[in-house]
Amino acid sequence: MENQVPEIFNVIPHTHYVLLSTILFVIGIIGVIVRKNVIIMFMCIEIMLNAVNLMLTSTSAYYSHSGGQIMVFFTMAVAAAEVSVGLAIIVMIYKNLKTINIDAFQKLKG
Amino acid sequence: MIDKIFYVLSALTIVSATLVIVSKHPIRSILFLVLTFFLISAHYVLLNAQFLALVNIVVYAGAIMVLFLFVVMFLNLNEDVEKHKSFLPWFAAVISGGSLMLIITSALEKSLLMSPYPTKDYSIGLVENLGSVLYREYLLPMELSAVLFFIAMAGVMLLSRKEKLN
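If you read the sequences in order, they're chains A and B.
In this text, residue positions in the first sequence follow our numbering: the first is 23, and each later residue adds one.
In this text, residue positions in the second sequence follow our numbering: the first is 186, and each later residue adds one.
Hints were generated in silico from the structure; no laboratory data involved.
Quantities reported herein were computed from a predicted structural model and do not represent experimental measurements.
If you want a taste of the chain B side facing chain A, the calculated C-beta under 8 Å gives, among others:
(1) 199
(2) 211
(3) 253
(4) 319
(5) 330
(6) 341
C-beta: ideal position from N, C-alpha, C; glycine also.
Given only the sequences and the hints, what does the whole structure look like? Please build it.
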């Protein structure tokens with residue numbers, strides 16, 4: 023396991039991983055555009071972050087450089103902090119407006 | 186064998202990510218998102234990145250998704266947020282997302298074809314190797330992420346305390 027090259031690097035070209043993570047990123051973007059539930063929009067942002075993570079990990083694994091996987095680790099840490107603060111803000115807005123429809127959030131301007 | 190595993194796993198990932206954005210109820214959406222994270226962890230195992238697979242399951246499927254589930258149950262979303270059914274936003278979103286996908290794939294494919302494949306060791310993703318890199322070369326960002334978590338925790342406490350004073 024340590025010395026031999028795993029089979030996937032010879033069988034699957036790296037372009038397929040690029041295509042897969044691009045499709046996941048686009049699914050996240052479509053969700054953010056279409057849905058009006060703020061929590062589901064947040065989850066679509068998580069899908070986009072995971073697509074970028076998959077891209078970084080696959081590139082780092084194929085080129086055997088550890089920088090991409092370290093970057094994924096820090097992306098996960100920042101995403102965890104972001105989710106905790108964002109969900110607290112959503113709960114606060116729900117307490118004031120009694121809805122989580124994104125159309126009601128335009129009261130946020132100024 | 187492993188190419189079949191890869192294609193089945195990729196198809197399952199795409200289908201479950203699509204079900205996240207099309208399902209009506211938020212709880213169902215969250216459960217499909219957990220499934221998506223587990224499938225992406227399987228991709229990490231396939232790529233010989235065991236450390237990230239473990240961290241992905243623990244952090245995303247374990248911590249973040251439980252937070253989402255708790256908030257959705259806390260908010261008691263009985264009424265339907267999206268009442269009107271219109272296909273125009275879906276149409277516009279799929280058109281714009283598809284054009285973005287074409288642009289990204291064409292740009293990345295050009296850049297990937299130029300670069301050579303160096304053959305070095307493929308065991309960088311194991312827990313031991315990545316941990317030693319993380320604690321030797323990236324010690325300062327590691328500590329700074331701890332500071333970031335502390336600031337996030339303090340911010341959440343401040344946000345939830347401000348309402349009580351008013």
